[in-house]
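Read top to bottom, the protein sequences are chains A and B. The first sequence lines up with residues 1 to 174 when you count with my numbering. The second sequence lines up with residues 1 to 260 when you count with my numbering.
Calculated from the structure, these hints are not laboratory results. The C-beta atom is built at its ideal place from N, Cα and C for all residues, glycine as well. A hint or two may mislead.
As the list claims (entries may be wrong) - As a list, the in silico DSBU-like pairs of lysine-lysine whose alpha-carbon atoms are at most 30 Å apart:
id, chain 1, residue 1, chain 2, residue 2
1, B, LYS85, B, LYS210
2, B, LYS195, B, LYS167
3, B, LYS41, A, LYS84
4, B, LYS195, B, LYS210
5, B, LYS41, B, LYS195
6, A, LYS81, B, LYS41
7, B, LYS167, B, LYS85
8, B, LYS41, A, LYS87
9, B, LYS195, B, LYS85
What the hints assert, rightly or not - With beta-carbon atoms standing in for the labels, derived distance ranges:
id, chain 1, residue 1, chain 2, residue 2, range
10, A, VAL141, B, LYS167, 46 to 54 Å
11, B, PRO174, A, SER71, 44 to 52 Å
12, B, GLU168, A, GLY121, 53 to 61 Å
13, A, GLY121, B, ASN178, 47 to 55 Å
14, A, PRO117, B, GLU76, 16 to 24 Å
Residues per chain are reported as follows:
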Amino acid sequence: MFRKSSKGFLGPIGDDLPSLIPLVFALTIFFSVFTFTWNIFDSRNTGFDDNIAVLRVASILKSNSYIANHSVFEGRCEEAKSQKRLKFRAGLLPLAVERDEHFGGIDLTNLEFYEDPNDPGAIYECTNVPGEEIDYENFTVIIRFFPVALEMDYEDGGQRHFFVKPMLLVVVAW
Amino acid sequence: MVNQKGQAALTDSIYFLLVVSGLSAFLLFFAVSYGVPIGEKLALQYRDEYATSALKTILYSSTPRIPGEALEDATEVDFLLAAMKEDFADNGEFDVTASLIVNNIVGLMEPLADSFDYIYYIYVLGEEEYAFFMLYTTEYGDNIPRIRGSQVDVKGGDTVIYLCKPKERDTIDPLITNVGRVYESGSRMQLVRIKSSGGRGYNDFDAEVKFAMWTSTALPLELGNIENEPFNCDCFWKLELKNANCNPVERICETEWNDC
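Put together the whole structure using the sequences plus the hints.
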């Protein structure tokens with residue numbers, strides 16, 4: 001025969017069993033939200049760092065927005081290559097400032113940067129992954145572009161040509 | 001009391017659930033809003049740098065002395081800024097070089113042209129007048145995005161360029177306050193003008209050159225069409241973008257720049 005005071009008593013664990021349900025539910029909610037928050041925090045921080053890294057590369061390459069010649073660009077490129085966080089390809093594309101001409105756009109699948117017609121081989125391109133294509137299928141690609149002025153100074157047929165040409169500095173990073 | 005042990009534990013756990021739910025809601029709010037100001041700051045820095053680079057490039061650029069020639073094959077080349085100063089020195093206006101300035105700015109902004117509108121102006125501080133004022137804007141007209149149920153119809157507007165000289169400096173303020181966030185860059189320049197009284201010598205003028213851009217926005221009707229004279233301009237050119245790269249042979253007022 002049971003004692004009167006032990007009516008409905010299921011044991012020390014069994015008695016607290018209903019209270020475990022909200023407890024477990026609460027812990028599940030907390031850890032889910034915590035994990036979600038952590039992931040957001042992490043991915044956004046990564047995004048910010050990537051964006052800052054791209055802007056830093058662009059900032060090094062454009063400097064004061066004036067590129068005096070190819071060797072100056074190469075010098076800046078060497079400095080920009082110290083940026084190890086991201087893979088990048090950067091370079092100059094010609095802008096159209098004459099009548100009836102238009103900018104050709106930025107074609108990521110076939111990115112061909114400006115080559116000085118008076119100095120064959122002098123391509124205004126800078127990359128920290130030579131020969132590697134832009135992997136826009138597996139990575140988030142960040143593109144930044146800025147107008148810059150490129151100085152052209154050459155002799156052609158005994159005549160000196162000097163002018164400053166507007167160009168577009170394009171930085172593609174992934 | 002002995003019989004209420006289980007109920008006390010249940011009440012405690014429900015309180016715990018409430019506290020944890022509150023904490024989770026706070027965490028969720030933090031997660032959603034985390035980094036939004038930093039993202040905006042980065043975007044602002046990028047656009048500001050673009051505007052600064054564009055202004056610098058305009059000021060550094062060369063231009064053929066004969067409009068229409070390519071830089072590489074030009075008979076004579078000069079810095080755009082030098083050509084502008086020379087042009088201004090003659091009669092205090094940028095009439096000959098206006099098309100060169102427009103071509104350069106439109107060319108520099110072409111990569112962003114689909115989504116950004118902008119102004120470029122030169123304001124003579126001593127004279128308190130605009131020496132040059134260019135507004136690149138998108139006229140949506142009846143093409144304002146419409147929502148029909150779950151369907152949103154978005155049609156692009158027509159891009160036009162206005163050149164005029166507002167009579168007072170603050171007449172552009174309503175435009176700036178209506179377009180949202182503005183990314184801008186400015187600089188000082190010095191202009192000279194041949195003395196109108198004749199004789200030798202020049203008068204010096206301090207001027208401010210400014211370039212400002214903003215995300216293309218449907219402006220209020222009274223501002224969206226300069227023909228309504230929101231800037232109180234005596235005379236203006238309205239250029240359709242497809243004709244913007246043509247050169248004027250003379251100054252034309254209240255008609256299109258249509259000598260192509």
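* Quick one: are PRO117/A and GLU76/B within 16 to 24 Å, going by C-beta? -> Check passed, 20 Å falls within 16 to 24 Å.
* Asked: Is the hinted pair LYS41/B and LYS84/A satisfied, with a Cα-Cα distance of at most 30 Å?
  -> holds (23 Å)
* Asked: LYS195/B and LYS85/B: Cα distance at most 30 Å?
  -> holds (14 Å)
* Is the distance from the Cβ of GLU168/B to the Cβ of GLY121/A consistent with 53 to 61 Å? -> 55 Å Cβ-Cβ, so the 53 to 61 Å window holds.
* To do: For the range 46 to 54 Å, tell me whether the beta carbons of VAL141/A and LYS167/B fit it or not.
  => holds (48 Å)
* Asked: Okay, PRO174/B versus SER71/A on CB: inside 44 to 52 Å?
  -> At roughly 49 Å between Cβ atoms, SER71/A and PRO174/B fall inside 44 to 52 Å, so the hint holds.
* Go ahead and decide if the range 47 to 55 Å is satisfied by the Cβ distance of GLY121/A to ASN178/B. => For ASN178/B against GLY121/A, whose Cβ atoms are near 51 Å apart, the range 47 to 55 Å holds.
* Distance restraint between LYS195/B and LYS210/B, which requires alpha-carbon spacing of 30 Å or less -> Roughly 26 Å between the alpha carbons, so the hint for LYS195/B and LYS210/B holds.
* **Restraint status (C-alpha distance of LYS85/B to LYS210/B at most 30 Å)** => At roughly 16 Å apart (the allowed maximum being 30 Å), LYS210/B and LYS85/B satisfy the hint.
* Agreement of LYS41/B and LYS87/A with the hint, judged by alpha carbon distance not exceeding 30 Å -> holds (24 Å)
* Quick one, are LYS81/A and LYS41/B close enough, alpha carbons at most 30 Å? -> holds (25 Å)
* To do: Starting from LYS195/B, check that the Cα of LYS167/B is at most 30 Å away, please.
  => Holds, because 22 Å separates the two Cα atoms, which is no more than 30 Å.
The structure shown violates just one earlier hint, number 5.
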